[in-house]
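Enquirer: Chain by chain, the residues run as shown.
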Amino acid sequence: MTQAQLVNGLEEAAPSSVVAAGRRNLSGALHGLRRQALGAYLPLLALGLWALAADRHWAPPQILPAPRLVAQTLGELISSGELLQHVGISLARVAGGFLLGGALGLVLGTAMGLSRRVEQYVHPLFHALNQVPVLGWLPLAMMVFGIGESLKVVIIAQASLVPIAINVFEGIRRVPRQYVEVARVFEFSRAQYLRKVVFPATVPSLFVGLRYGLTLAWLSLVTVELLASSEGLGFLIVWGRQLFQLDLVLAAIVSIGVVGLLLDQGLAWLEARLLHWRPKASWGGAKAGAQ
Amino acid sequence: MKWLRGLVLPVLLLATWELLTRYHLVNVRLLVEPGRVVATFLRELRDGELLSQIGASLARDLGGATLGSAAGILVGTAMGTSRFYDRLLGSSFHAAKQVAIFAWIPLMSVWLGTGEPAKVVFIALSAFYPVVLNTFEGIRSVGSQYVEVARVFRFTRLQVFRRVILPGAAPSILAGIQVALVYSWLATIGAEYLLAAGPGIGNLMIDGRESFQMDKVLVGVVLVGAVGASISALASAIGAWQLRWRVTSA
Amino acid sequence: MATPGIIEIIDVKKQYTVDGENLQVLGGLNLSIQPGEFLSVVGVSGCGKSTLLRLLIGLDADYEGEIRVGGALVRGTSLERGIVFQDHRLFPWLTVRENVGLGLTNSSWSDAEKQKAVQEHIELVGLAGFEGAYPHQLSGGMAQRAAIARGLVNRPSILLLDEPFGALDALTRSNLQQELQRIWQTEKISMVLVTHDVDEAVILGDRVVVLHARPGRIERVVEIDVPHPRDRDNPQLKRLADEVREAIVGPHN
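Chains as they are written, first to last, in our numbering: chain A, 689 to 979; chain B, 162 to 411; chain C, 4 to 256.
Among these hints, one or two may not hold up.
Derived contacts from chain A toward chain B, CB cut-off under 7 angstroms, selection only [what the hints assert, rightly or not]:
{"#": "1", "residue": "H815"}
{"#": "2", "residue": "V820"}
{"#": "3", "residue": "L907"}
{"#": "4", "residue": "T911"}
{"#": "5", "residue": "I925"}
{"#": "6", "residue": "R929"}
{"#": "7", "residue": "L931"}
{"#": "8", "residue": "L955"}
{"#": "9", "residue": "A956"}
Ranges between beta-carbon positions, derived for each pair [claimed, not checked]:
{"#": "10", "chain 1": "B", "residue 1": "G400", "chain 2": "A", "residue 2": "R872", "range": "32 to 42 angstroms"}
{"#": "11", "chain 1": "B", "residue 1": "L206", "chain 2": "A", "residue 2": "A816", "range": "30 to 40 angstroms"}
{"#": "12", "chain 1": "A", "residue 1": "A816", "chain 2": "B", "residue 2": "A401", "range": "16 to 26 angstroms"}
{"#": "13", "chain 1": "A", "residue 1": "G763", "chain 2": "B", "residue 2": "L181", "range": "23 to 33 angstroms"}
{"#": "14", "chain 1": "A", "residue 1": "V942", "chain 2": "B", "residue 2": "A231", "range": "22 to 32 angstroms"}
{"#": "15", "chain 1": "C", "residue 1": "A75", "chain 2": "B", "residue 2": "L223", "range": "26 to 36 angstroms"}
{"#": "16", "chain 1": "B", "residue 1": "L223", "chain 2": "A", "residue 2": "I835", "range": "26 to 36 angstroms"}
{"#": "17", "chain 1": "A", "residue 1": "L962", "chain 2": "B", "residue 2": "G400", "range": "50 to 60 angstroms"}
{"#": "18", "chain 1": "A", "residue 1": "L958", "chain 2": "B", "residue 2": "M162", "range": "17 to 27 angstroms"}
{"#": "19", "chain 1": "A", "residue 1": "Y867", "chain 2": "C", "residue 2": "Q122", "range": "49 to 59 angstroms"}
Simulated from the structure, these hints should not be mistaken for laboratory data.
Just so you know, even glycine gets a beta-carbon here, dropped at the ideal spot from N, CA and C.
So that you can see chain A by itself, here it is in the shape it has in the complex (with noise of 0.2 angstroms):
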């Protein structure tokens, strides 16, 4: 099992606690509100407690910044356009990295659906290949690549193409045999079978890869910084631990959250639009495979 394939786990076993009032009479809609408000409770409790501890100095402002320091810092990090900056540049890591790698787990995937004399060549490596996690290569990316953006980019891409490439494979390979069948019967050719059949009924699929592929990828960015970069997100919380200024790290993290966040329900957003005519949102397709 790899880590995509955990990120998948983690995806199906979400709590859906965050309740909808779907009743149409106010005292539903009252209900329900008061019911996300409890979700509220244990982060407001924990700012409050914070709040408190940094007031009466339970510990060295250096350990525990207030939380309106940590306000102020993003602040001004968003207003000197700093933050910006650092998003911008972690964000073009991560775009160049999911291009490419999508790209490659694209081609690599449908090969492998397509034809199983490819799948038998290719993947056992393949998936011996995936075992080894992020942190794994990294060491090595840095001997080979040195600590520019080629090593970002290329991790990245990395971190992206395995899930993509996983469920692009077993989509294809899950085309429901009905339709494979009603194929046969108006006995399309291989390419309208390719291109009415078997492409539109992989693109869930794809988009379960797509989604797990870019959760990846933010996190696989966020980790190179940590280790390997001047620049971006990852580095900000680098920066301000060397600085011991944790108000700068936690304003970091909040960021990374907030735009990784962004980033996947953009991408929800898409998968909506794009199918439609999706019954019900289902995870179908593949356990998003390695990494």
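Given the structure of chain A, go ahead and fit chains B and C onto it with the hints provided.
Expert: The following block gives chains B and C in isolation, referenced to the frame of chain A:
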């Protein structure tokens, strides 16, 4: 005989690698001959502390994973059996998931230092998440139809929990633990790499990189993959044996 | 073994609220079930027959009117009343033997007595030899047999059956109907069977209650005055079945 086809690429790759290094077509400092990698592996195994390093990593891994899983099952059960805890904790979890786990290390290194405790806590944290989510989901998914049977037979609440909900949730919980084991292995290597030096495979790789000994690094990479794969396979086997009452899907 | 008491259903009404509207599922049911009787309940979908069973078994306490067993009001579930669901609901992680033994979890019998009872009931339903099998290894018919054994193992005074054979194929169904007839004759307890299969209702029941829908009310009660064991091809049964069918389709529906 078709399975032989799977060997073609790896053999080709190895052969190319060997050729490139034998005829110095590549910077030999960068791309070490495969033979040397194997030799290094054997040498480390013999003189060195390879086994004890693997052991150290594994010990850390299992310690942290057990801690994280136990906590995860507790919290997951709380969230799964009580609406209150679910709503209290649920959205916070989902939000925190977006941040790469390694991003927490710098923070943790300030709060907990860089020694063993920090590493173990970090590993436990990485195991915690998947176990909570899977436990929660597993408990939720136990059909009410089984609980109704228990009601007809007048089971006490404790009996319902022990005999219906827990066994019903077991497949999910075990899946969560499998996921946790992989995450914790990754976290172990990461922690070794990013926090203070100590025995372990991560250390081996850092050593290799700093002294520009690619062969050491490669040995480390292969070990990470191999041990990780073995842990996964073992966990899978145990899981399958535990759940032999399930219909196996091909 | 408890002596079955009379089951009295007194003016039972139940309604659901769906989207702000009231749905009268049961509109004043009055019925008495004699000890040891086999009662069949039929009716179109939505006539409330399954709801009635849920009220009888005690899984649902939200209704008006009274339900009494042997004079005592029904409050919640009881080991005196057993049930067989349409989906067998055997616990997938337990063997047949363990599943059947589920009913005895909270009984005060000794282990030896429990084992004996479980074995007897497994044999009663014809599953001897399959004690160690897991539910996924059983066919639909076998799983239902196990469910019946489980429902009977702690010797309840009444067994309720909610369309127990609905999910099975026709051949298995008629087989199990014969089996159920035999089991009932052996155990001699009250049984209430809810079904949409008129032939099944007629071949098994001493009386057939026809419910009509919205609100659920008793349309007609047909007496089946044919001695057991009954033969499917009995012309009298066929006539009575037609009578029942007419009542279902009848003036009110």
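Enquirer: Checked against the structure, which of the hints given earlier come out wrong?
Expert: 1, 7, 8, 9, 11, 13, 15, 17 and 18
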